[in-house]
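> If you're matching them up, the sequences are chains A, B and C in order.
Note that this note's numbering has the first sequence beginning at 28, numbered continuously upward.
Note that this note's numbering has the second sequence beginning at 839, numbered continuously upward.
Note that this note's numbering has the third sequence beginning at 195, numbered continuously upward.
Treat each hint with caution, since some may be false.
[To be verified] Some, not all, of what chain B presents toward chain C, calculated at C-beta under 8 Å:
{"hint": "1", "residue": "A1455"}
{"hint": "2", "residue": "L1458"}
{"hint": "3", "residue": "L1462"}
{"hint": "4", "residue": "A1466"}
{"hint": "5", "residue": "L1469"}
[Claimed, not checked] Which chain B residues face chain C? A few, computed with CB under 10 Å, are given here:
{"hint": "6", "residue": "L1044"}
{"hint": "7", "residue": "H1047"}
{"hint": "8", "residue": "M1050"}
{"hint": "9", "residue": "H1452"}
{"hint": "10", "residue": "Y1453"}
{"hint": "11", "residue": "T1461"}
I should point out that these hints are in silico values taken from the structure, not numbers from a laboratory.
A quick note: this is a predicted structure, and the numbers were derived from the prediction, not measured.
C-beta: ideal position from N, C-alpha, C; glycine also.
Chain by chain, the residues run as shown.
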Amino acid sequence: MVPLNYYLVLSAIVFVIGVVGVLIRRNLIIVLMSIELMLNAVNLTFIAFSRFLGSMEGQVVVFFVMAVAAAEAVIGLAIIISVFRHRETLDPQEMQLLKW
Amino acid sequence: MAAFDLLRWIPLIPLLGSAINLFFGRALGKKTAGALACAAVGAPFALACYVFWQLPAAGIFRDTVYTWMDSGAFQVNVSFQIDALSAVMLLIVTGIGFLIHVYSLGYMEHDEDLVRFFVYLNLFIFFMLVLVMGDNLLLLFVGWEGVGLCSYLLVGFWYHDPNNSIAGNKAFIVNRIGDFGFVLGMLVLLTELGRQGIWTLDFIELQKHASMLSPAIISVITLLLFVGATGKSAQIPLFVWLPDAMAGPTPVSALIHAATMVTAGVYMTARLHFLFALAPETLALIAVIGAATAFFAATIALTQNDIKKVLAYSTVSQLGYMFLALGLGAFSAAIFHVFTHAFFKACLFLGSGSVIHAMGGEQDMRKMGGLKAHMPITYWTYVIATLAISGAPFTAGFFSKDLILWQAFSHGATVLWGIGLFTAGLTAFYMFRQLIMVFHGDCRADAHTKAHLHESPAVMTLPLIVLAIGSIFTGWLGAPEYLWGSSWDRWLEPLFGAAEAHHGSVQTEVTVTLITLGVVAVGIIIAFIKYGRADAKISASAAEGGFFYGLSLNKYYVDEFYDAVVVRPFTACSAFFARFFDPWVIDGAVNGVAATARGFSWIWRGLQTGNVQHYVAGFLLGTLALLAYYLGQI
Amino acid sequence: MNPSTVIFFVLAVLLVLASLMVVFVRNVVHAAVALVAALLLIAIFFITLQAPMVGVLQVMVYAGAIMVLFLFVIMFLNPMTPERPRRAWWALGTILALLLGALLLPMVSKGELLADPVAATEFFGSPESLAKSLFTEFVLPFEIASIVLLVAIVGGVVLAKRER
């Protein structure tokens, strides 16, 4: 059986890649997708722990994470649509109205 | 000590008069307001006479109105006290005050601001009475400050001319310098006694406990109090305000700057005689300054051409005599001279006011002359008062001035006696010079003024007559032993102790008196020689007169000296603070705080880029910090 | 090297490749497809970890509904403008992320963690067990999750509406 550490390391790598995407990309949709990537990495962690501890709670949590991720993706995309209508751009660096 | 509820009305009535005229004077009209003001001084005079009549020898009346301060062991009441000394001062203030109020009805008749004049004048009487009747040093000081205020208000009465306001300012500010010394002296007295456990400023209590203080402390206190006296009573070095104060109306000069306010310093010293008696060095200093001031001021009076300036310097000079007496320990003699001086000086000032009134406002004696024929009453009262101030035999000034000179001689202060003697000669000279210039000879006024020369109305000449009579007979109260004795000394004996033993025989005393008379006669003769002849040269400019003449005419440049040494550095210091220190340092510090805050916020606001990804980076940094912390714990 | 380890590594490499593609490709649609691939791989991982129900849900909800939504939006917006790169920011961002990795990895590679899993019953990970937890222990979060979804639906409609 694969040790737990392997799953955790993998999850960490995917999480970090997701962070890179959020920080660097200048397309809001890709940023949102990177966020989904991060959430999934976390889901992987939960399921791995759930298996290794023999507890269903991890899977229940993943269930809820999925539900909330869905809701968040919906709202996020709605906002992107709304912003795009006004600004014709998806570049987060262009959206600096809250700058001092 | 008897309680005497009547006492509080003596100061209160003038205060009420002042208040009524303040609020309703305009509605009452000039005549009624003036009459009310005179009544507001006349009534206290009547009361004062009654109190005086009722006062037993060595008795004290007290009227406590209310408790002003009550702080632990220290209590100060608003409480009035009459003893032998304050009874005399009371009569002077109310009596001469009343005469001057009556005179003012005539003098100020055509002035639009007559009501305001009487408001201030009554207010002055109130404060002077508080000063004289207060039973503790603090209440005396309230009166002291109050009369200073009224002096300022009255000197600057015709404020439309800025010079008058400046003179008023000068009077008040120079007094303030003296007052600073007074306050310090009072505070040192209070705290030093308090250190011994006695917290009081009551005169009676102070007299009981004064000897508890060390001689050094008493010297300090008396010196500081004397500084206050030099301010209020125009001695060296703080006399400079008095000549300028002549800018005020003549009744003001008569009342405040001759008869009453300027004697406050003398009164205060006499009141605290027990304290001064314990400080021989201070007394010596007082005597020296008194004599020096007397001489110094007299030399200035020799050349002055303004009728009121001569009298102003004369007042400074006579005040010097009073302080000389105080310094010799002859408190009774000093107060006696206050008493007689009040009469003849007020008479002189009111007489000069009469002249000015007749001359249509002219005050330069070089434009007067020959007024004897036009103003007989004024002339003769002026003659009597001049004789009195010169010390002619059997006038008031003769008895009081000679007493002071005798005290100087018999105490062994020969130098001071010599200065006083010479000054008496000078006094006679300049007073007769004035008399001759104003009333004798040909009239040097222009035709228009000449046509309007007239004697003053009765309301002005009656007070002159009363004062002239006083200038003769008040002195008879203090005659030397070899004549008919001094009821004055006997009256004040319980306070000051037995009259100083006359160190010397009657012959010596008579001789000294004769020497004085001789010097006075010489002064008068020289005055007549110089100015009385038909071809006498009346006006001499500084260039014609020579070095000493110029020095005297320009008042020894004392004002210029003070200006250069005190006023200019002070204004420069103020300018420094106003133009540099305040905007740059103080405002700089305050604005600097704001600028620092702004600077910091300028640094930190860079964080608000508006870019979401930057904010995420911020999250990340925080997370990294936490992780690092936990990592360290593993 | 037993078969499960080999499978694990293969899938792991693929997953990492897919995520890298998501983050680094230019074209948005390509990135979306890469994300679908990544999600499917994760679903496989779930199944190997004895969580079949969740794995199926992952495919149905995540890879199915959510990614379809993403693709809808991409098609709808049709963003064509290319991104302008900023080298400095790229460097900084990458460094920060790598720092994160550097901090995480030591934590997760400690040796005391379990090497052998607890013995699994057949019941474990099945829909019944999930349902049992959901409707007893976690019934409140369950209900709240449904409200969250409702709010999301309403919010999404309102936010994306064209203003008249």
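> So which hints don't hold here, by number, going up?
Hints 6, 7, 8 and 10 are the ones this structure does not satisfy, whereas the remaining hints hold.
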